[in-house]
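Residue numbers are given in UniProt numbering: position 185 of the sequence shown equals residue 185, and the series is strictly consecutive.
Calculated directly from the structure, the hints in this document are not laboratory data.
Check each hint, because a few of them may be wrong.
[Stated by the list, open to error] No farther apart than 30 angstroms at their CA atoms in a straight line, the calculated lysine-lysine pairs in the DSBU-like style are these: (1) K23 to K59; (2) K236 to K297; (3) K394 to K313.
[Stated by the list, open to error] Listed next, with one range per pair, are the computed distances between beta-carbon atoms: (4) V502 to S451: 16 to 26 angstroms; (5) V502 to V310: 21 to 31 angstroms; (6) K241 to G348: 51 to 61 angstroms; (7) E513 to V445: 20 to 30 angstroms; (8) R294 to G140: 23 to 33 angstroms; (9) V310 to I430: 14 to 24 angstroms; (10) D26 to E425: 49 to 59 angstroms; (11) G348 to P9: 48 to 58 angstroms; (12) S503 to V378: 12 to 22 angstroms; (13) A166 to S451: 47 to 57 angstroms; (14) V310 to E16: 23 to 33 angstroms; (15) V480 to R294: 47 to 57 angstroms; (16) E77 to M298: 43 to 53 angstroms.
Just so you know, even glycine gets a beta-carbon here, dropped at the ideal spot from N, CA and C.
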Amino acid sequence: MSLEIKVPPVGESITEVTLSAWKKKDGDHVEMDEVIAELESDKATFELTAEKAGTLTTKAAEGDTLAIGALVAVIEEGAGAVAPVAEAAPAAPVSAKEEAPAAASAPAPAAVTSSLEIKVPTVGESITEVTLSRWIKKDGDAVEMDEAIAELESDKATFELTAEKAGTLKTIAKEGDTLAIGAIVCTIEGGGGVSGGGSPAAVTPAVADAVNESPQTAPSKGTTYASGVPSPAAAKILAEKGVDTASVNGTGVDGRITKGDALSAQKPAAAAPAPAAKPAAATPSAPAGPRSDRREKMSSLRKTVARRLVAVKNETAMLTTFNEVDMSPIMELRSKYKDKFKEKHGVGLGFMSFFTKAVTEALKEWPAVGARIEGEEVVYSNFADISIAVSAPKGLVVPVIRNAESMSLAEIEKAIVVLAGKARESKLTIDEMTGGTFTITNGGVFGSMMSTPIINSPQSAILGMHNIIERPVAVNGQVVIRPMMYLALSYDHRIIDGRESVSFLVRVKQLLEDPTRLLLGV
Numbered sequence: 001m002s003l004e005i006k007v008p009p010v011g012e013s014i015t016e017v018t019l020s021a022w023k024k025k026d027g028d029h030v031e032m033d034e035v036i037a038e039l040e041s042d043k044a045t046f047e048l049t050a051e052k053a054g055t056l057t058t059k060a061a062e063g064d065t066l067a068i069g070a071l072v073a074v075i076e077e078g079a080g081a082v083a084p085v086a087e088a089a090p091a092a093p094v095s096a097k098e099e100a101p102a103a104a105s106a107p108a109p110a111a112v113t114s115s116l117e118i119k120v121p122t123v124g125e126s127i128t129e130v131t132l133s134r135w136i137k138k139d140g141d142a143v144e145m146d147e148a149i150a151e152l153e154s155d156k157a158t159f160e161l162t163a164e165k166a167g168t169l170k171t172i173a174k175e176g177d178t179l180a181i182g183a184i185v186c187t188i189e190g191g192g193g194v195s196g197g198g199s200p201a202a203v204t205p206a207v208a209d210a211v212n213e214s215p216q217t218a219p220s221k222g223t224t225y226a227s228g229v230p231s232p233a234a235a236k237i238l239a240e241k242g243v244d245t246a247s248v249n250g251t252g253v254d255g256r257i258t259k260g261d262a263l264s265a266q267k268p269a270a271a272a273p274a275p276a277a278k279p280a281a282a283t284p285s286a287p288a289g290p291r292s293d294r295r296e297k298m299s300s301l302r303k304t305v306a307r308r309l310v311a312v313k314n315e316t317a318m319l320t321t322f323n324e325v326d327m328s329p330i331m332e333l334r335s336k337y338k339d340k341f342k343e344k345h346g347v348g349l350g351f352m353s354f355f356t357k358a359v360t361e362a363l364k365e366w367p368a369v370g371a372r373i374e375g376e377e378v379v380y381s382n383f384a385d386i387s388i389a390v391s392a393p394k395g396l397v398v399p400v401i402r403n404a405e406s407m408s409l410a411e412i413e414k415a416i417v418v419l420a421g422k423a424r425e426s427k428l429t430i431d432e433m434t435g436g437t438f439t440i441t442n443g444g445v446f447g448s449m450m451s452t453p454i455i456n457s458p459q460s461a462i463l464g465m466h467n468i469i470e471r472p473v474a475v476n477g478q479v480v481i482r483p484m485m486y487l488a489l490s491y492d493h494r495i496i497d498g499r500e501s502v503s504f505l506v507r508v509k510q511l512l513e514d515p516t517r518l519l520l521g522v
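Turn these sequences into a full structure, and let the hints guide you.
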């Protein structure tokens, strides 16, 4: 009786996989649940197991691209299957080295220890998946209880995964894998494997065999590939194209050459010998080197930001109103008191604290600008939690300054320094990035003169700051040169009318052009 082994469903959006490596060969005897092959999708690599014991007959080759449900192999029950342990020939001498493992095999069951599965923990109500950004400990390492073993990244924050007991780490997921909440990341074998301080006497025959295994064996799940080494599927494609692996830039984990790298790789054209009589006749427009593309997998943070921004554009009636502000008064105030301010408060006096304070004052007069829609209700807040957009290495994040309306300029500056530092180090918590009522973004630090910022949902408005340019303006009937900044207020027209948005922005302008009113609260 034979059993067909087919490609299983591995995700809603995945329609095909690549057979990257056979773990068992055609004609081998396999046991039920034994790993027989490694399949690779565009999102992850996973193992195919035998669904019953028998003799394996392969139906696909390494490197083949297979649709979900396609036939991979057949397992014949019985049919001359060879037992995994052959009888020893009577004439063959048995050495003392071979007798030792046999003698030690009796107490082997006592050495079996329990393993603990480490799963992706629940990290927030709205988070359903995370990305394994990097392994801190490697496969086979000895770990202590509560020791950090991996770094996980959600669309909102990065956090560490810790060992729940001491033992030997066995990695299951790979760096770059996207994992659902509750998915198994690794196991910890209690006393399994040999740690750095383990005694040689503790090595069992099975472990010894594994240590002496040929280096040509296909890498197992959790193995780290060296930079420039192609996956089996990529190696087959490169061989068919006649492309040298040394000329391909690997974009996989640790520089591994993936199937996508192989598909986009081109065989370098042979350089034509230049005519001896005219060595300077090269075409001036010829490229200096080979043309190539580089592909990177989008981070969870980048994918979430992209999805939310598109949703805001589609689900809100977003408009933008503009104004300009003369920055002379603030610049003069900063120039006069910045040294004393830093000496007293231990932090620099920047523009952001003035803008934050001006926004909180304007929100008191126009509360609809800080409101939000929940179902069929408009929610107004009697506090101002101001979100500050920060460009972090992994993408844009928006940490929140709580109760900014009750804070001084120095307290706001200190909060900004702390949150910006955490953002650059990917240490922001989920609580620090949720619950804002209004957002400020400063494109001016990158040289932006004018923009229409997108609302940070579920908020209803966002203020965009831009670069400061000295321009001629009319003051009291005379043309003078002043440092001017354009301001942009994008707002949801469903709950904020034109009168409220324009009046809010004008009020912010007035407070910035007369900063003493901020200090006096008038």
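Outcome of the hint check:
Proximity of K23 to K59 is assessed by CA-CA distance (about 14 angstroms); at most 30 angstroms being required, the pair is judged to hold. Restraint check for K236 and K297: the C-alpha separation of about 23 angstroms stays at or below 30 angstroms, so the hint holds. Annotation: proposed proximity of K394 to K313 holds, straight-line Cα distance about 23 angstroms (limit 30 angstroms). At roughly 18 angstroms, the beta carbons of V502 and S451 sit within the given window of 16 to 26 angstroms.
Hint check: V502 to V310, Cβ distance near 27 angstroms, so the stated range 21 to 31 angstroms holds. With their beta carbons about 56 angstroms apart, K241 and G348 fall inside the hinted range of 51 to 61 angstroms. In this structure, E513 and V445 meet the distance hint of 20 to 30 angstroms, their C-beta atoms being roughly 21 angstroms apart. The hint said 23 to 33 angstroms for the Cβ distance between R294 and G140, and at roughly 32 angstroms that hint holds.
Roughly 22 angstroms separates the CB atoms of V310 and I430, a value that falls within the hinted 14 to 24 angstroms. Between D26 and E425 the C-beta distance comes to about 51 angstroms, which sits within the given range of 49 to 59 angstroms. A hinted range of 48 to 58 angstroms holds for the C-beta pair G348 and P9, which are about 56 angstroms apart. Hint check: S503 to V378, Cβ distance near 18 angstroms, so the stated range 12 to 22 angstroms holds.
A beta carbon spacing of about 53 angstroms between A166 and S451 agrees with the range 47 to 57 angstroms that was offered as a hint. Taking 23 to 33 angstroms as the suggested C-beta distance range, the pair V310 and E16 conforms, at roughly 27 angstroms. As the Cβ distance of V480 to R294 is approximately 50 angstroms, the hint placing it in 47 to 57 angstroms holds. Between E77 and M298 the Cβ separation comes to about 45 angstroms, which falls inside the hinted range of 43 to 53 angstroms.
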